[in-house]
Amino acid sequence: MDALIFGGWLVLLAALVARRERLGRAAWQDWELATAGVPDDDDATGLGRRALAAVENFAEARHDAALDVQVRALAEFTGATFAGDLRARLQLGRRQVRLLALAGDARPFDGLTWHAPWLRAATTLDAWLARLPGEPRAVARLRRQLTLLSTLALLERVRRAWCAERPRALARVEADATCLEQAAARVQEALERGRQARREQLHGPRH
Amino acid sequence: MPQFLLFACLILEAALLASLVLRRRWRSSYLLTPCITSWLAADALVFLRPGFNTWTFWSFKESLHALLALGLGLELGWRLLAAAPLGQAAAKRWIAGVTLVAWALLSMPPNGPTEALARLVAALAWLYTGLTLVLARYSMPLTKLHGTLLFALPPYCLLYWLTWSRVGDDATLAGVVNPAAFVLVLGALSWASWTSDGEPPVEPALAHLVWPWTR
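Going down the list, the sequences are from chains A and B. Residues 15 to 221 in this note's numbering are what the first sequence lists, from first letter to last. Residues 71 to 285 in this note's numbering are what the second sequence lists, from first letter to last.
Isolated chain B (complex conformation) (with noise of 0.2 Å):
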């Protein structure tokens, strides 16, 4: 990955971390922090001692991610849809067919050493956008940040499967195309996170249900 490319990751990750903080918005994700936190320590591991970069601490942060990133889709369907309980049974039952899926997909042999990790993000992709669709057939109302997040993670997460299953085809994908867009969504994410949600068009007690965090 380029210097300025990851430069840029680190400022924008230090930015959507201290909105976090300083704006609350950790409430809206308990796993967002640590998530946002150990992207910002292993870009900075790299940036200021680029020797970490290798294929074990590589394969270790990318998988911890991978992990952490499945937790964010698990947490987000079960927050915003507290106020749904048949909203959040609909979620479980799409989470355990994405998680079949993913099963399927993994138990299959892998073409290259990375090919099983871009199959558990692309199973992300899947995951993220089913949850939208059961956020969205149970009306609920999205706050920035989360729309940023379910929108903007699973195209990002489709580029990563195609640009991991097929490492060394392709290096200008995995040097520049992947990291540009991983920038775009921490720009993306920074933005929604700095910006206010504004009030809702509804009652507080209502607000308060709809978005239990706000309380």
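If we strip away everything but chain A, and leave its shape as in the complex, we get (with noise of 0.2 Å):
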């Protein structure tokens, strides 16, 4: 018993000396890389508007009174919801959800400032979506206009970086960044051109 205590604790000692440098100066590199900030923070929030713009646009085509209001309020929710949702979804820790709400007003850290925006936006309307009465060819064109967001992966992604891979991982969600942007833009035209369209068949072709 006596080797088996000796050699075990041996055993997490070698384990230990092999990862050492990650309880010093590369440490706080991980940390570092993990909450790197983008340079300019309104693309980020940019695109959680755009995306928000993008529900509006759809109620607005439906001309659909209930939906507005219910765009309404979703365009009001507060951090509380937002923490509340994520957490669930994320399964993320109290501290986690606090410091990313925190983010999305205070701005302690400018990565997470980066991507709070993004969550809340995504989060949000996944969950007004699947709250969402009306006609289910319609809801489910919108579902799909906003997979192209890919907001779900965004949030796969990200659960992943947190509870797997954390911190390193997360700087690679940054990489979805341009993509979501493209995608929201593509759908923000999408909407618009329908828009347009319905204008046109109900008052006639614009000259």
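These are calculated hints, taken from the structure and not from any lab test. Careful, some of the hints might be misleading.
As the list claims (entries may be wrong) - Across the chosen pairs, the derived CB separations fall in these ranges:
id, chain 1, residue 1, chain 2, residue 2, range
1, A, A40, B, A114, 40 to 46 Å
2, A, R39, B, G121, 47 to 53 Å
3, A, A29, B, S129, 31 to 37 Å
4, A, V31, B, L137, 26 to 32 Å
5, B, W148, A, A28, 24 to 30 Å
6, B, W261, A, A28, 24 to 30 Å
7, A, G21, B, L170, 16 to 22 Å
8, B, L170, A, A40, 28 to 34 Å
Stated by the list, open to error - Simulated coverage check for chain B against chain A, where a stretch passes if three residues somewhere in it have a Cβ under 8 Å from a Cβ of chain A:
id, segment
9, 204 to 212
10, 270 to 283
To be verified - One-sided and incomplete, this derived list gives chain A residues near chain B with beta-carbon spacing under 7 Å:
id, residue
11, R36
12, L37
13, A41
14, W42
Quick caveat: nothing in here was measured; it's all calculated off a predicted structure. Glycine included, each C-beta is placed from N, C-alpha and C at the ideal position.
Dock chain to chain to rebuild the complex, using the hints, since each chain is given by itself in its own frame.
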């Protein structure tokens, strides 16, 4: 038994020695990498706004008053709703959620400021879609359009980054930014074209 | 224990306690100050009144120190992983595992009067080293004081276990080697406590996230 106690500890020590750099300066680098910011924060918050605008456009296109009310409510979503939603969906710890929520407002760290609005928009939109009444096909279409934004993929990726590979993999989430932003622009254009087509259908072509 | 080693312990414990108070290092671990205070008080009693060093007193103080060291390990796991809840969850699993192993070790019939305590202290070595592994897994940078605690205590715990599970076999081990090793541990802790960690190479907000006690 003595050999087991001592030998087991030696194995632990050997594993620790192999990872000792993760307790010093390299650890700070990991954290810095995980929370590395993007140069322009407006780009990030812009997507949240555009995603919301896309839903607003959809509501406008359907001339649905009830939907309008829901969209207003959605636009006013609070940090509390966001935190509850996010925690349940991503299985994050309270502190992580608090940090993410804080990041949207107080900008304590650039990196978290970057993805908090995205998560907030994506999570709330997805939750809202789940409760959305109305024509199943229209809902399905909107869901597809929002899937273009890769919201769920982003959520899943961030969840993995936090849960499994944190903090190094979190930096890789950054790579999604450009794709999502382009997708958001495409959704916006598609909705704009749809709205224009509907106006033309109702009032005739614009000269 | 030779008087000069006991005196060295007293000096180093006082220096360590002074740094915890004067340099406000107590904020980095709430249990470290009571731990050092109990070491200092026990050693001062034995130094000033050698008659205090009875078997009952020795058993009491050693058990108290082992319990405080256990609490200190749990506190370090909780505080150093404050920014990583999943790391805290991993630490909890590790602590549960070590508790099971310790329980199994303690339930075996001891060979001598001090064997049970020695086994508990051996479990502490596992606890501290495992926690340090979890910290490394979650990339938690350590201060000098925390690093010294986590790296210096486990080897000492194992030496303690080796000494007191074989009490009577080797008087040199119990009387000289073990106290000398404790002096070395105290010296390293005092040095780590008095020297500065320097500014973390990141933004202050991020540093406060990872080291919440520096706020």
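Here's how the hints hold up against the structure:
A beta carbon spacing of about 42 Å between A/A40 and B/A114 agrees with the range 40 to 46 Å that was offered as a hint. Taken as a hint, the range 47 to 53 Å holds for the pair A/R39 and B/G121, whose Cβ atoms sit roughly 51 Å apart. The supplied range of 31 to 37 Å is met by A/A29 and B/S129, whose beta-carbon atoms lie about 35 Å from each other. With their beta carbons about 29 Å apart, A/V31 and B/L137 fall inside the hinted range of 26 to 32 Å.
Hint check: B/W148 to A/A28, Cβ distance near 26 Å, so the stated range 24 to 30 Å holds. Range check, B/W261 to A/A28: about 26 Å between beta-carbon atoms, so the 24 to 30 Å window is met. Separated by about 18 Å at the C-beta atoms, A/G21 and B/L170 satisfy the suggested range of 16 to 22 Å. Judged by the Cβ atoms, the range 28 to 34 Å given for B/L170 and A/A40 holds: they are separated by roughly 32 Å.
Counting residues of the segment 204 to 212 of chain B whose C-beta sits closer than 8 Å to any C-beta of chain A gives 8, which meets the bar of three, so the coverage hint holds. Coverage of a stretch by a chain is defined here by at least three residues with a beta carbon nearer than 8 Å to that chain's beta carbons; for the segment 270 to 283 of chain B and chain A the count is 8, and the condition holds. Interface restraint check: A/R36 against chain B, minimum CB-CB distance 4 Å, threshold 7 Å, status holds. For A/L37, the interface hint holds, the least distance from its beta-carbon to any beta-carbon of chain B being 5 Å, beneath 7 Å.
Checking A/A41 against chain B by beta carbon gives a least distance of about 4 Å; that is within 7 Å, so the hint holds. The interface hint given for A/W42 is met, as the beta carbon of that residue sits about 5 Å from the closest beta carbon of chain B, less than 7 Å.
When each numbered hint is compared with the structure, no violation occurs for any of them.
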